[in-house]
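These protein sequence lines are chains A and B, in that order.
Its first residue numbered -19, the first sequence is counted upward by one per residue in our numbering.
Its first residue numbered 5, the second sequence is counted upward by one per residue in our numbering.
It should be emphasised that the hints constitute simulated quantities derived from the structure, not laboratory data.
Be careful, since some hints might not be right.
[Unchecked claim] Where chain A lies over chain B, by a calculated footprint (3+ residues, C-beta under 8 Å):
id, stretch
1, 15 to 24
2, 36 to 44
3, 47 to 56
Built from N, CA and C at the ideal position, the CB exists for glycine as well.
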Amino acid sequence: MDARHTFDFLTNPERFMAFSRWAAPWLGGLSAAAAVIGLVLTFMVPEDYQQGDTVRMMFIHIPAASLSMFIYLCLGIASLLSLVFRHVLADLAAQACAPIGAVYTALALITGSLWGRPMWGTFWVWDARLTSVLVLLLFYLGYMALRGALEDEQKAARSAAILALVGVINLPVVKFSVDWWNTLHQGSSTFFADKGDHLPAIYAWPAVFMALAYLGGFGALWLVRIRALVWRRKARSLSMKLAEGAR
Amino acid sequence: MSFDFDAGKYAIYLWPAFAVSAVAFAWLIGDSLATARRWRREAERLQAEFDEQRP
């Protein structure tokens, strides 16, 4: 199957509904299994010699923060596809991932804040990383508000897609903020970290399982929410046909 | 290795972080499934009504 056929497959609503019908529960089940293993490991690893028990916060904070950016990238790509190819499913995909992304971003900010208080002595500081993640949350909220504010669905979809694409500029700012500016937030300590800043090996497994749980959770929820929007669209189209028939 | 649920002086930060995450996921899952079920039923109801009206 070449790239064009894969794209066609994903943009056909009927095929998407057939695919997502089994893919969503499978992804949800795998995500739940990964979460159980991840949580067991989270509370089995020894506390960190510097951070103590707060190190366990890492296993819910990092996946939420990483996924908040990944989901926005998905929102940006889906918005671009809906603008360029006018694919309905791409627009629904963008619309469906915004609330999930907003929740993941809010979780990253809240868990980060609760981790920051005992480690930094403050819940919040206006440094580049924290501020750019807050801006990311505002882009998600702005996207949802714009979609809800305009009555004309096509106009709302186009305006929100443009806003989503503008917000993509913020993603490298979030990612590299700790390198570009002096921040209270630490630099990367996972896969792309400098030598010496690497996560100790004992913390890698809970981190991997929790990352898989958050990723699978996003995948399952995204599919379910797209399915809801496909049905809503169908219901609206049917009610319009019924109204025309009643005239 | 055994379970370590005693977070000591950090418990007031650790447990709220896990609790907020659990509540957020519970809401996301519940809202997504309920919304999908509501629109599926609505679409099926309207489809049945539409099929009845068709000659």
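Verification of the hints:
With a threshold of 8 Å between beta carbons, the proposed coverage of the stretch 15 to 24 of chain B by chain A holds, since 7 of its residues qualify and at least three are required. Counting residues of the stretch 36 to 44 of chain B whose C-beta lies closer than 8 Å to any C-beta of chain A gives 7; at least three are required, and the coverage claim holds. Restraint check on the stretch 47 to 56 of chain B versus chain A: 5 residues with Cβ-Cβ distances below 8 Å, three needed, restraint holds.
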